[in-house]
Amino acid sequence: MNIEAREGDAHRGALKQDFAVEVSEHLRADFTLLREACLFTSGDAQKRKFTEKTVDKFSQHIVCRHYSGLCYELTHLCWAIINTGSNASLLDYFYIHENIKPERFTSHFTQVNECQIPQASVRLNAQEAGADFLDITIHNHQFSLSASRINLLATCLEWLLNFVPKLLETLYEGLNGKSYNAIQSMASDLQKQIYHYLHDHLPPAKVQAKFHLMSQYLSTQSLPQFDDEHILLFWLKGRERQGMSRFSTVVRDIFQYHQALASAQNANAMLHANDISEHLESETVFSALEAFADEQINLHILTEVPKLLSKQQAEKLQLIADHPKQSENFPLSLMRYVVFGQYQAKCIQAQRNQVLSIDSFALPPLNEYAALLQTFTAQVKLVEQTWMAVLHILFLEDSDDALALLSAKSNFLDILSNEKVNSYDRNKKDLLTLINESEVFKGFKAQCKQAYARNNRQGFTASSQLSDLTLYSDNTLLLLGLSKTLERILHKNEALFTNLSSDDAKYRSDGCIFKDELMQRMKL
Amino acid sequence: MNQQKDDIDEEIFTALQAYEALKSHYLSTSASSNHLRLSFTEIMHCARAPRAPESIVQLSLINKSLDYRRKYRFVLQNLARIHSPKQVAASTAESLLTREAAEFSLNVKNMSEHYASVTLKLKQAYEHSDETLYLHCEADDAFVTISVRRNEEDAYVGQVEQASKEYNALLSPTSEMYVVYE
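These protein sequence lines map, in sequence, to chains A and B.
Numbering of the first sequence is given in our numbering, commencing with residue 61 and proceeding in unit increments.
Numbering of the second sequence is given in our numbering, commencing with residue 531 and proceeding in unit increments.
Wrong hints could be hidden among the right ones.
Unchecked claim - Quick list of in silico lysine-lysine cross-link-like pairs, DSS-like style, CA-CA up to 30 angstroms:
no., chain 1, residue 1, chain 2, residue 2
1, A, K297, A, K505
2, A, K238, A, K226
3, A, K544, A, K367
4, A, K226, B, K695
5, A, K371, A, K544
6, A, K297, A, K226
7, B, K639, A, K226
8, A, K385, A, K371
9, B, K651, A, K226
10, B, K695, A, K107
11, A, K544, A, K385
12, B, K695, A, K252
13, A, K226, A, K371
14, A, K406, A, K266
15, A, K566, A, K371
The set of hints was computed from the structure by calculation and includes no laboratory data.
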């Protein structure tokens, strides 16, 4: 089953790209079934029921999500067959007599009964060979169906039968003796069924289009993957493209693209440990799109009660929480995202408020990269303070969760080992008792109390403290995870960040690029 | 008492349906990767030409999937010239060597230690040129097909093994039968 070789021209080029094959294995198998379907013959060489060209065209319609017209046409055809035939007319027409070629279509409709519905008619409008039309009239509604479309519509019905239960019965009941409204309603139902089916077998259309674009960009630049400079260049080149106006959106899309590729490559390597192909399996790329949520840190929870992060803090950390690995690998894009994403948002707001002027594009005079890095470093310390404040609450309530939270910062249990912790059987209560009696920890507990006293956010005051202590410990573990990611980013990119903090040249040059670009985009 | 039994039967039936649905989803999912899926056209061909080599494989796939069995039943209901529903409720089922349906009579006779003959007599003459008829039986959530050929007395005869699903389906009063010919 080699779908690349079989897809239509428009889709063929795209499919040859590594990433572009996002059709699920199941949907590919559907198309293969259509290609392999044969006419019913007894003993003779089997003839294909649907032509290669028809299945190419049909798969293009489906992969490009261009199926509403097909549903509308198919419903009209079914209406005409049902209302001029018997109660098994659809099965007879498509599967027993197999009237799925233009000449058979013409032959069928020249012999059919009069339409049974008043003020409705089904008439064959004979033209040149193979160009006949079926004129359907229902009161004021008129529809012409070309005989040349019959093979495509039969393909569509055959495909729908794979996943729409009792389709032929539903079509018969829904259209028999009914008027135009029933056709509209049935076509709409079919569209919904296809939409739901494709939800499991095709990535969302917008994501699909964006990923195609990124894949094309990398091909034209002969790059294996994006780097910080090419993320910026990609945004600059996409000035006129829809969905690429905000730099922050472009960064997120590229991070998502990289994440999908990385997940797919991992899955592929695991599947074919002995045969790692350079060409990605479409199925694994496809499923990778669904797997993003697993790696993400839910910041929203941390801004609720108990409030472990302020919304302002969360805003600066959002990209890291959503794409921890990519934030680590593209440090400059992370800086640009926060600093110039915000700058662009302010310019856009000024434009919306119709107060856009040269002044709106004024860059902050201080080195914003340095300021952001200071915020990140401070954030790591703040997290430790929050952790201690939570520990104070847990110590007061004598909660077992305190241990889990202490273990999250490993060095604390190491200190305990000096106090013969190993002689204990590491029973939680024993450890807690040890901590409470420990001289070393008396000082630490005093610091926790101070951290609590300094924290006046919701959930950390006598009046707002929650009774469910697991919320404190669970959310703090999340916060510690975020802090570790932040520390890793700072550590891994130490050289770059030191340079960005000590010298504002990069900030200035980036500022000029963004300012110039935004002024052009906003036509100022 | 009967009401209670009916309720339990209904629950068991629903549970079985749910199980079958899960199983069929699993089968159709795993089948997709093994290229063992069936199109509606193939199901149709299988009902129309059950003796074709590919139909034998396809019927075994149909019997493994609730979705395919539903489609196959729908096709048979529309394709069959003659249909004989279940003869009795499952609880009172006893093997029957003869079946009298509205449009045919069926007789199964043990010929030897291993084989039995099948004789199908149509009660009225039907216009068809086929020398062979196909008798599709649905019993115990599975379909089997027996082909019978016309003899000189205008009856249709065939042979089945006694230790076969076909034999059991022919004798079971709970099996539904469909006679298909072109």
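To see whether the hints hold, each was checked on the structure:
1. K297/A to K505/A: Violated. K297/A to K505/A sits at ~56 angstroms, over the 30 angstroms cutoff.
2. K238/A to K226/A: OK: K238/A and K226/A at ~19 angstroms, within 30 angstroms.
3. K544/A to K367/A: This hinted pair holds, its Cα atoms lying about 19 angstroms apart.
4. K226/A to K695/B: holds (28 angstroms)
5. K371/A to K544/A: Holds, at about 20 angstroms.
6. K297/A to K226/A: violated (50 angstroms)
7. K639/B to K226/A: Violated, because 39 angstroms separates the two Cα atoms, which is more than 30 angstroms.
8. K385/A to K371/A: OK: K385/A and K371/A at ~22 angstroms, within 30 angstroms.
9. K651/B to K226/A: violated (33 angstroms)
10. K695/B to K107/A: Judged against 30 angstroms, a Cα distance of about 33 angstroms means the pair is violated.
11. K544/A to K385/A: holds (12 angstroms)
12. K695/B to K252/A: violated (42 angstroms)
13. K226/A to K371/A: Violated. K226/A to K371/A sits at ~51 angstroms, over the 30 angstroms cutoff.
14. K406/A to K266/A: Since the Cα atoms of K406/A and K266/A sit roughly 26 angstroms apart, the hinted pair holds (cutoff 30 angstroms).
15. K566/A to K371/A: holds (28 angstroms)
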